[in-house]
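**Q** Protein chains in written order, with my numbering: chain A, 1 to 307; chain B, 1 to 307.
Treat the hints with caution; some may be incorrect.
When chains are identical, the list treats them as one kind, so a pair holds in a single copy or across two.
[Unchecked claim] DMTMM-like cross-link-like pairs, simulated, lysine to aspartate or glutamate; straight-line CA separation at most 25 Å:
(1) Lys205 / Asp174
(2) Lys199 / Asp252
(3) Lys215 / Glu227
(4) Lys205 / Asp89
(5) Lys142 / Asp168
(6) Lys199 / Glu227
(7) Lys64 / Glu274
(8) Lys205 / Glu274
(9) Lys259 / Glu290
(10) Lys199 / Asp303
(11) Lys23 / Asp94
(12) Lys205 / Asp228
(13) Lys205 / Asp298
(14) Lys215 / Asp303
(15) Lys275 / Glu116
(16) Lys287 / Glu216
(17) Lys138 / Glu116
(18) Lys199 / Asp228
(19) Lys23 / Asp105
(20) Lys205 / Glu227
(21) Lys132 / Glu56
(22) Lys64 / Glu290
Simulated from the structure, these hints should not be mistaken for lab results.
Number of protein chains: 2
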Amino acid sequence: MGILVVGTVAFDAIETPFGKTDKIIGGAATYIGLSASYFTKKIDLVSVVGDDFPQETVKMLQGKGVNMEGLQVMKGQKTFFWSGLYHNDMNTRDTLVTELNVLADFNPVVPASAQEDEFVMLGNLTPVVQEKVLAQMKNRPKLVVLDTMNFWMDVALEDLKRVLKKVDVLAVNDAEARQLSGEYSLPRAAQKILAMGPKYLIIKKGEHGALLFNKEQVFYAPALPLEDVFDPTGAGDTFAGGFIGYIASTKDVSFENMKRAIIYGSAMASFCVEKFGTERLLNLTQKEVEGRVQQFVDLVQFDIDLV
Amino acid sequence: MGILVVGTVAFDAIETPFGKTDKIIGGAATYIGLSASYFTKKIDLVSVVGDDFPQETVKMLQGKGVNMEGLQVMKGQKTFFWSGLYHNDMNTRDTLVTELNVLADFNPVVPASAQEDEFVMLGNLTPVVQEKVLAQMKNRPKLVVLDTMNFWMDVALEDLKRVLKKVDVLAVNDAEARQLSGEYSLPRAAQKILAMGPKYLIIKKGEHGALLFNKEQVFYAPALPLEDVFDPTGAGDTFAGGFIGYIASTKDVSFENMKRAIIYGSAMASFCVEKFGTERLLNLTQKEVEGRVQQFVDLVQFDIDLV
Chain A
1 MGILVVGTVA FDAIETPFGK TDKIIGGAAT YIGLSASYFT KKIDLVSVVG
51 DDFPQETVKM LQGKGVNMEG LQVMKGQKTF FWSGLYHNDM NTRDTLVTEL
101 NVLADFNPVV PASAQEDEFV MLGNLTPVVQ EKVLAQMKNR PKLVVLDTMN
151 FWMDVALEDL KRVLKKVDVL AVNDAEARQL SGEYSLPRAA QKILAMGPKY
201 LIIKKGEHGA LLFNKEQVFY APALPLEDVF DPTGAGDTFA GGFIGYIAST
251 KDVSFENMKR AIIYGSAMAS FCVEKFGTER LLNLTQKEVE GRVQQFVDLV
301 QFDIDLV
Chain B
1 MGILVVGTVA FDAIETPFGK TDKIIGGAAT YIGLSASYFT KKIDLVSVVG
51 DDFPQETVKM LQGKGVNMEG LQVMKGQKTF FWSGLYHNDM NTRDTLVTEL
101 NVLADFNPVV PASAQEDEFV MLGNLTPVVQ EKVLAQMKNR PKLVVLDTMN
151 FWMDVALEDL KRVLKKVDVL AVNDAEARQL SGEYSLPRAA QKILAMGPKY
201 LIIKKGEHGA LLFNKEQVFY APALPLEDVF DPTGAGDTFA GGFIGYIAST
251 KDVSFENMKR AIIYGSAMAS FCVEKFGTER LLNLTQKEVE GRVQQFVDLV
301 QFDIDLV
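Same shape as in the complex, but just chain A (with noise of 0.2 Å):
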């Protein structure tokens, strides 16, 4: 039953239209970790940070039930390190800043006590990387789920597909499915990307929601009108947290039980966005989440008595 998450760990530095930040906390796994958090306590990291990544981070996550036994610390080296700027509209994005540092030379090791966890999540890196990982596992896991990005479509898209023939739900944003797919329509372009391997495929839309596909159905999943998004960065590994770990926490990897991890997973990324970095995930209460989640099922139901 438990969850092993691979991404980076990092360090990041924002600048939005409501302000800027100094290195803060950042990276995928960090976010995924956090958000899984609120769902089930047995998360194993797997990642790489240097030895400048402060200890008492590393702390914290182990306090909210992440083991942290497979972050390697590289001595005289520096943590990932990324920048970027938010326009207006939260969007759009400009990479200023990216430095690999440690993860220039990542090789991931899952501790023995993490390679029998029956929920995997890969979150966004070189999908050799999601590979090696993979391969690491004693038994096929319960359900794989891939998060990437339209940079390693331009850069590695062999290596890509080779991992998508290994994963069970791919997760990436309306333009990424259309780049991987060659197709505009997005249902056309869930049907290609299907066909390359994962049963269930997750099309993130930012504030207009997200999409579930299987090969017969699809499910609509709204984002909650929000008054103020504050900082974006982090709110699709939130989104892949919340949907891993309610999944794990239930251990019901069917198409309806998807539908309902996908409204935690929004729910815990309406959060995300409502501070800078991890902020606001860090102290959520059971009853806030579940608040969040009744928005969800306020904002989309309707009752037609259909003949």
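Use these hints to put chain B onto chain A, whose structure you have.
**A** Positioned in the frame of chain A, the structure of chain B alone reads:
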């Protein structure tokens, strides 16, 4: 229980990535009337055409239950003509030609038989013309819905704001809601617009669905993920026609019923875009409409037990 529909009756020439048409029948009132005719049979159309407009189209609309008494036919003059080119994403279009013709001096006259209609759909037109129609109603209608566009915000904002005070529901797209309110956030935009007069605001987001706001509530209706959007012309008007048609047929102007009306409107719009112009709207069956609404139910339905 009748619906008064005012709007253009026009010729359109359309080019999309799927093909192009010669002059075909278009116009907001045409789409609204056709769409509403699937829900109720007392529909009164007010518009203007030249004597180049085909009599068989007038008869076709009459056959659908649309009273054409309020259609002025101007001798020796030409019908409004619009030509547009859609780009690959179908969300952006260039207007190639706009020939106002008879529309330039349109002075709407509401026939006596329509002056007591309880429902009024003010299709996109000069705000002053929309206002003149309202002024001819004998009683305050039960529900007045207004459609408008960015063009009127640019050139006739004060007129538009005056009319907004007299309507119940405003329907605009997301860019227009942002322009009218000066707010990027749609919930903030909605509250500012609701303060201008309308009790309800519908924000149409095309392939991303539609939002319905009042001062206390919000509803998110998805759009069906369609394999092919063949021609988006008229989709917004078809949506509006289904919306007011459903409300007129149920005589229920509550928020809960407006949610259902939005689903019916969305279903009608999803048919509209499947073929060029009005073609797909001409011979729908009740069963097809109900089947499409069922697809919307299936698309968003999920079941979460909250404690």
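**Q** None of the hints should be skipped; say for each whether it holds.
**A** For each hint, the structure was consulted:
no., hint, verdict
1, Lys205 / Asp174, "both (6 Å within a copy, 15 Å between copies)"
2, Lys199 / Asp252, "within (15 Å within a copy, 43 Å between copies)"
3, Lys215 / Glu227, "between (35 Å within a copy, 14 Å between copies)"
4, Lys205 / Asp89, "both (14 Å within a copy, 15 Å between copies)"
5, Lys142 / Asp168, "within (9 Å within a copy, 52 Å between copies)"
6, Lys199 / Glu227, "between (35 Å within a copy, 19 Å between copies)"
7, Lys64 / Glu274, "within (20 Å within a copy, 50 Å between copies)"
8, Lys205 / Glu274, "both (18 Å within a copy, 23 Å between copies)"
9, Lys259 / Glu290, "both (16 Å within a copy, 24 Å between copies)"
10, Lys199 / Asp303, "between (31 Å within a copy, 22 Å between copies)"
11, Lys23 / Asp94, "within (17 Å within a copy, 44 Å between copies)"
12, Lys205 / Asp228, "both (17 Å within a copy, 19 Å between copies)"
13, Lys205 / Asp298, "both (20 Å within a copy, 20 Å between copies)"
14, Lys215 / Asp303, "between (27 Å within a copy, 21 Å between copies)"
15, Lys275 / Glu116, "neither (35 Å within a copy, 53 Å between copies)"
16, Lys287 / Glu216, "between (35 Å within a copy, 22 Å between copies)"
17, Lys138 / Glu116, "within (6 Å within a copy, 75 Å between copies)"
18, Lys199 / Asp228, "between (35 Å within a copy, 23 Å between copies)"
19, Lys23 / Asp105, "within (22 Å within a copy, 62 Å between copies)"
20, Lys205 / Glu227, "both (18 Å within a copy, 17 Å between copies)"
21, Lys132 / Glu56, "neither (29 Å within a copy, 69 Å between copies)"
22, Lys64 / Glu290, "within (19 Å within a copy, 48 Å between copies)"
Consistency note: the structure conflicts with the earlier hints numbered 15 and 21.
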